[in-house]
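Student: Okay, here's what each chain looks like letter by letter:
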Amino acid sequence: EAQVTQNPRYLITVTGKKLTVTCSQNMNHEYMSWYRQDPGLGLRQIYYSMNVEVTDKGDVPEGYKVSRKEKRNFPLILESPSPNQTSLYFCASSLWRGGARETQYFGPGTRLLVL
Amino acid sequence: DAKTTQPTSMDCAEGRAANLPCNHSTISGNEYVYWYRQIHSQGPQYIIHGLKNNETNEMASLIITEDRKSSTLILPHATLRDTAVYYCIVRAQGGKLIFGQGTELSVKP
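Which chain is which? The protein sequence lines are A and B, in order. For the first sequence, the working numbering begins at 6 and goes up steadily by one. For the second sequence, the working numbering begins at 2 and goes up steadily by one.
Just so you know, these hints were derived from the structure itself, not from any lab. Fair warning: there could be bad hints in the mix.
[To be verified] Listed next, the in silico EDC-like pairs over lysine to aspartate or glutamate satisfying Cα-Cα at most 20 Å (straight line): (1) 74/A / 61/A; (2) 70/B / 32/B; (3) 62/A / 43/A; (4) 4/B / 43/A; (5) 53/B / 107/A; (6) 23/A / 35/A; (7) 76/A / 61/A; (8) 4/B / 64/A; (9) 62/A / 84/A.
When you get a sec, could you build the whole thing from the sequences and use the hints?
Tutor: Here it is as structure tokens:
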């Protein structure tokens, strides 16, 4: 089944403790992206990648890192999480050959609480 | 990046057509209009997208005005499972999806 998976789905952590949220897709998509969703602010893009070893900042990249060593994986790294990073996170992927006309598919989400 | 404007909420009777409007008056020529929906806090689900022609698939129809400044998503026979937040999104060539606040659609029996 074609899908985007994220792990973990739920995470409670403490300020400053490094964590990684994994994202994997099995559709051979070039484009991958991370979003966060907060009440009243909607979904905002954190980082994106158009292919292996190519990443770029989205609208809210502060406090996050990403890597794209393999086409299928796009982990989100919080080196020193803070309470303002408590949020619902979504990973998404799409083909990129057609640019903006390619459909983006979302994972199920990761709910993060930073104490 | 072009922004979209949608009503905050709408109601629809089960079995009737749900027509969800969206304004995107600043859309540029190479930007696509996408519709997604989100049920509770699940991942957004793709519905349909278009550039300038009307589109139809198994889920919905998308009507885009000739000047491309607005569009309407039509769910032809709404069911209770269609209750969700519907997002009208303009996608730039850079790939980013710019989500607004969406329309909360309530389908009532």
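Student: Evaluate each hint against the coordinates.
Tutor: Hint by hint, here is what the structure shows:
Between residue 74/A and residue 61/A the CA atoms are separated by roughly 14 Å; this keeps the pair inside 20 Å, and the hint holds. About 11 Å separates the Cα atoms of residue 70/B and residue 32/B, which keeps this hinted pair within 20 Å; it holds. The straight-line distance between the Cα atoms of residue 62/A and residue 43/A is roughly 19 Å, inside the 20 Å bound, and the hint therefore holds. Annotation: proposed proximity of residue 4/B to residue 43/A holds, straight-line Cα distance about 18 Å (limit 20 Å).
Proposed proximity of residue 53/B and residue 107/A is supported: the alpha carbons are some 15 Å apart, at most 20 Å. Straight-line distance between C-alpha atoms of residue 23/A and residue 35/A comes to about 27 Å, which puts the hinted pair past the 20 Å bound. Our distance criterion of 20 Å between C-alpha atoms is met by residue 76/A and residue 61/A, whose separation comes to about 15 Å. Taken as a hint, the residue 4/B and residue 64/A pair is honoured in the structure, with Cα atoms around 15 Å apart against an allowance of 20 Å.
Using a Cα cut-off of 20 Å, the hinted pair residue 62/A and residue 84/A holds, with the two alpha carbons roughly 16 Å apart.
The structure shown violates just one earlier hint, number 6.
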